[in-house]
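> Quick note, the sequences are listed as chains A and B, same order.
All residue numbers for the first sequence refer to this note's numbering, where the first residue is 1 and numbers rise by one.
All residue numbers for the second sequence refer to this note's numbering, where the first residue is 1 and numbers rise by one.
Everything labelled a hint here was simulated from the structure, so no lab data went into it.
Virtual Cβ for every residue (Gly too), placed ideally from N, Cα, C.
Be a bit skeptical, because a hint or two may be false.
FRET-style restraints, in silico, Cβ to Cβ [what the hints assert, rightly or not]:
no.: 1; chain 1: A; residue 1: D31; chain 2: B; residue 2: A472; range: 26 to 34 Å
no.: 2; chain 1: A; residue 1: R88; chain 2: B; residue 2: P424; range: 14 to 22 Å
no.: 3; chain 1: B; residue 1: L69; chain 2: A; residue 2: K103; range: 45 to 53 Å
no.: 4; chain 1: B; residue 1: Q458; chain 2: A; residue 2: K103; range: 31 to 39 Å
no.: 5; chain 1: A; residue 1: E65; chain 2: B; residue 2: G378; range: 29 to 37 Å
no.: 6; chain 1: B; residue 1: P424; chain 2: A; residue 2: E159; range: 38 to 46 Å
no.: 7; chain 1: A; residue 1: E181; chain 2: B; residue 2: R323; range: 28 to 36 Å
no.: 8; chain 1: A; residue 1: P102; chain 2: B; residue 2: F282; range: 49 to 57 Å
no.: 9; chain 1: B; residue 1: R323; chain 2: A; residue 2: S141; range: 39 to 47 Å
no.: 10; chain 1: B; residue 1: E467; chain 2: A; residue 2: L14; range: 48 to 56 Å
no.: 11; chain 1: A; residue 1: A7; chain 2: B; residue 2: Q458; range: 17 to 25 Å
no.: 12; chain 1: B; residue 1: L4; chain 2: A; residue 2: P102; range: 21 to 29 Å
no.: 13; chain 1: A; residue 1: P102; chain 2: B; residue 2: I42; range: 53 to 61 Å
no.: 14; chain 1: A; residue 1: G87; chain 2: B; residue 2: L69; range: 22 to 30 Å
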Amino acid sequence: MLSALLALGALGILFGLLLGYAAIRYKVEGDPLVEEIDAVLPQTQCGQCGYPGCRPYAEAIARGEADINRCPPGGETVIIALADLLGRDPKPLDEECGEEKPKMVAYIHEEQCIGCTLCIQACPVDAILGAPKQMHTIIESECTGCELCVEPCPVDCIEMIPVKQGLDTWKWPAPPPPPYERPADDDDTAPQPAGAH
Amino acid sequence: MHRLFQFKGGVVLKEHKKDSTALPVQPAKLPPTLTLPLKQHIGVAAEPVVAVGDEVLKGQLIARAGDTLSAPLHAPSSGAVIAIADQPIPHPSGLSAPCIVIETDGEERWRPRQRSVFNFAELSAQELREIIRDAGIVGLGGAGFPAAVKLDPRGHEVELLILNGAECEPYITCDEMLLREHALEVLAGLLMMRHALNAQRCIIAVENNKPKAFRALHEEIQNTGANVELVEVPTIYPTGSEKQLIQVLTGKEVPTGGLPIDIGMVCHNVGTAYAVYRAVEFDEPLISRYVTVAGSVAHARNLKVLFGTPLGNLIEECGGNRRTLRRVIVGGPMMGTAMHSDTVPVVKTTNCVLVESVMHDVPLPSRDEYAMPCIRCGNCAHACPVNLLPQQLYWYARARDFDKIQDYNLFDCIECGCCDYVCPSQIPLVGYYRYAKSEIWNQDAEKRQADLARERHQFREFRLEREKKERAERHKKKRSAVSKAGGDDKKAAIEAAMARVRAKKAEQDSAPKNTDNLTPAQQRQVDEADRRRREENPATSPRDNKAENTQDRPQ
Numbered sequence: 001m002l003s004a005l006l007a008l009g010a011l012g013i014l015f016g017l018l019l020g021y022a023a024i025r026y027k028v029e030g031d032p033l034v035e036e037i038d039a040v041l042p043q044t045q046c047g048q049c050g051y052p053g054c055r056p057y058a059e060a061i062a063r064g065e066a067d068i069n070r071c072p073p074g075g076e077t078v079i080i081a082l083a084d085l086l087g088r089d090p091k092p093l094d095e096e097c098g099e100e101k102p103k104m105v106a107y108i109h110e111e112q113c114i115g116c117t118l119c120i121q122a123c124p125v126d127a128i129l130g131a132p133k134q135m136h137t138i139i140e141s142e143c144t145g146c147e148l149c150v151e152p153c154p155v156d157c158i159e160m161i162p163v164k165q166g167l168d169t170w171k172w173p174a175p176p177p178p179p180y181e182r183p184a185d186d187d188d189t190a191p192q193p194a195g196a197h
Numbered sequence: 001m002h003r004l005f006q007f008k009g010g011v012v013l014k015e016h017k018k019d020s021t022a023l024p025v026q027p028a029k030l031p032p033t034l035t036l037p038l039k040q041h042i043g044v045a046a047e048p049v050v051a052v053g054d055e056v057l058k059g060q061l062i063a064r065a066g067d068t069l070s071a072p073l074h075a076p077s078s079g080a081v082i083a084i085a086d087q088p089i090p091h092p093s094g095l096s097a098p099c100i101v102i103e104t105d106g107e108e109r110w111r112p113r114q115r116s117v118f119n120f121a122e123l124s125a126q127e128l129r130e131i132i133r134d135a136g137i138v139g140l141g142g143a144g145f146p147a148a149v150k151l152d153p154r155g156h157e158v159e160l161l162i163l164n165g166a167e168c169e170p171y172i173t174c175d176e177m178l179l180r181e182h183a184l185e186v187l188a189g190l191l192m193m194r195h196a197l198n199a200q201r202c203i204i205a206v207e208n209n210k211p212k213a214f215r216a217l218h219e220e221i222q223n224t225g226a227n228v229e230l231v232e233v234p235t236i237y238p239t240g241s242e243k244q245l246i247q248v249l250t251g252k253e254v255p256t257g258g259l260p261i262d263i264g265m266v267c268h269n270v271g272t273a274y275a276v277y278r279a280v281e282f283d284e285p286l287i288s289r290y291v292t293v294a295g296s297v298a299h300a301r302n303l304k305v306l307f308g309t310p311l312g313n314l315i316e317e318c319g320g321n322r323r324t325l326r327r328v329i330v331g332g333p334m335m336g337t338a339m340h341s342d343t344v345p346v347v348k349t350t351n352c353v354l355v356e357s358v359m360h361d362v363p364l365p366s367r368d369e370y371a372m373p374c375i376r377c378g379n380c381a382h383a384c385p386v387n388l389l390p391q392q393l394y395w396y397a398r399a400r401d402f403d404k405i406q407d408y409n410l411f412d413c414i415e416c417g418c419c420d421y422v423c424p425s426q427i428p429l430v431g432y433y434r435y436a437k438s439e440i441w442n443q444d445a446e447k448r449q450a451d452l453a454r455e456r457h458q459f460r461e462f463r464l465e466r467e468k469k470e471r472a473e474r475h476k477k478k479r480s481a482v483s484k485a486g487g488d489d490k491k492a493a494i495e496a497a498m499a500r501v502r503a504k505k506a507e508q509d510s511a512p513k514n515t516d517n518l519t520p521a522q523q524r525q526v527d528e529a530d531r532r533r534r535e536e537n538p539a540t541s542p543r544d545n546k547a548e549n550t551q552d553r554p555q
């Protein structure tokens, strides 16, 4: 009787120590879910979701405070990816956040720029180059198209222009839906085949 | 007799090669303008070294190779550069890219050609590669990989050099005609390539539907006694694909994501060998190639075409009607792509111009319009020469499940079109694979962009935080310095500072300024003014005035 109690007690202490050690040794820093959500978001840092950046939004989603359909730059792709990740149903983009637009990049009309540095302070990814009373310019390759620099500009010299379609960003179009999936009466709109097949 | 192997799958196609091999090759007419895209190869675009208005000679360098993987570009004919601008290029997108446009003068004046190599074996492999690189030679089989890079073994032992004369796609006959007419030159080019690679063995592979080309090569090998094996391979599409040809000749498979050099083999096209020969022997850069013009034209044939010639000119020259075109396909019926316009130019990788008129007089499949649901017959899997599961790939592509589709090795697909061809439901399968591939590339690019943005945003936050901290620190330091002084000490400190300021001011005010090198007349004037001032206001010199003021100021 006593030996059994002692043995079980000893085992209990042993496992307790083991678990305690494991909790310290394999401690997970931060919430891994936040990382995963953050990896899905487009990192525009535009704040259209109502949070100051992509990571705060990811944290809000992980806490269950924010819905998954508040990211206009990510659009449908991101909503579906988030729905997949979190096991929820995808839903259409929340209209109060904005609408899905083609990818844009900011452009400063340099002859109008007065060098006030307000846009530099607004840019979330430090993609604007300039100094006080010096002309500013956008580093195009770093610009996420968040539009945060447009509002602060006192002389309205920043314009958002759509990214030019180049050969390196060109994509093969998806083949047109097969005839049996098309509505019956639009034969005349049969698209031109893209390839030789 | 060479032992041959077989790859799994493949299809036997109707060849349609008789028409375009009936007439001998002739040079195409010189067009009034030549449009030369700066990027006609895999890698980065070439950089122009001429300016608008420059006169150029035939064969003159007009764009040098870019920094990394690239190839230079030469003027195909003499004339003047009239533009360096975006022009439509032969690409399925129909987009434009930077091009050099040359207005030809019809004189075909060559630049001076200096090199005269009597024996290429005297050159080192590196020298040979440099000649090939400077001549702008790229793989002429279709991919356009810079040949000099592919001729560099880079530490690998090259066991086998294969010269690919299989040319398995229907309609295309440019390699066949080249072998028939220039077998000796191709052979010489092969020996040069072998020298550059230090390859142990050489095989020339020709499909058994080209007996004339085979005989021509056989004769030249007999005559010259070159140590080269000539192998006739069965006509099964896609034997002409690099990896499939290696499998047929050696029974070895190139590993997934690997290159032939990984298993000690290098494969080049016969056209590339010919270009190498012309470059080494005649100092002639790559400025023209054989192009098959076939399909709905009166005289299907092969032409020797200068790069930059518009496709439409070739079609007209072969008796086609540009007004009744339905599609112009660059490449063959299996792997070619339809162009948006017939004004795009011939480039280094253009092997065939396949014309389809609105009369449908050429049996070319155009399948999208007739696609039916998949009946899961499995024919596509039987036909696939790379052992993929085309049906699975199709489902995942349609569902946009781009993770899963990569698990099924989408990127091993060579887009040969066999699955497409055998599909009884006429589903445009390769269209789906191309779509999926470009979507995945694009997503990867976007991911890289997002990672960069995240990194920059995090750094910015860190920077702002750091600046805030530094500012707070500075304030604290200042405040503590002032408060440490405290009470009477503080007053004294201010007093001392005032005194310092006063002393400085006094020194500045009392010393007359601009009084060096004065003429006697000026000196008199200054003295006069001084005297007057003292008389008018004897009590307050400016210095005393200031001092009193500061004392009056409330503290």
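> Could you say whether the range 48 to 56 Å given as a hint is met by the Cβ separation of B/E467 and A/L14?
52 Å, holds
> Could you tell me whether the CB distance from B/R323 to A/S141 stays inside 39 to 47 Å?
Taking Cβ atoms as reference, B/R323 and A/S141 lie about 45 Å apart, which means the hint holds.
> Between A/G87 and B/L69, is the Cβ distance one that fits in 22 to 30 Å?
With Cβ atoms ~44 Å apart, the hint is violated.
> State, for the Cβ atoms of B/P424 and A/E159, whether the hinted interval 38 to 46 Å holds or is violated.
54 Å, violated
> Honestly, do A/D31 and B/A472 meet the 26 to 34 Å range at C-beta?
At roughly 30 Å between Cβ atoms, B/A472 and A/D31 fall inside 26 to 34 Å, so the hint holds.
> Between the beta carbons of A/R88 and B/P424, is the distance compatible with 14 to 22 Å?
40 Å, violated
> Quick one: are B/L4 and A/P102 within 21 to 29 Å, going by C-beta?
53 Å, violated
> Against the range 29 to 37 Å, how does the distance between the Cβ atoms of A/E65 and B/G378 compare: consistent or not?
50 Å, violated
> Quick one: are B/L69 and A/K103 within 45 to 53 Å, going by C-beta?
28 Å, violated
> For the hint 49 to 57 Å, verify it against the beta carbon of A/P102 and that of B/F282.
Given about 51 Å between the Cβ atoms, the range holds.
> Honestly, do A/E181 and B/R323 meet the 28 to 36 Å range at C-beta?
With Cβ atoms ~35 Å apart, the hint holds.
> Starting from the range 53 to 61 Å, see whether the pair A/P102 and B/I42 falls in it by beta-carbon distance.
29 Å, violated
Going through the hint list in order, the structure does not satisfy hints 2, 3, 4, 5, 6, 11, 12, 13, 14.
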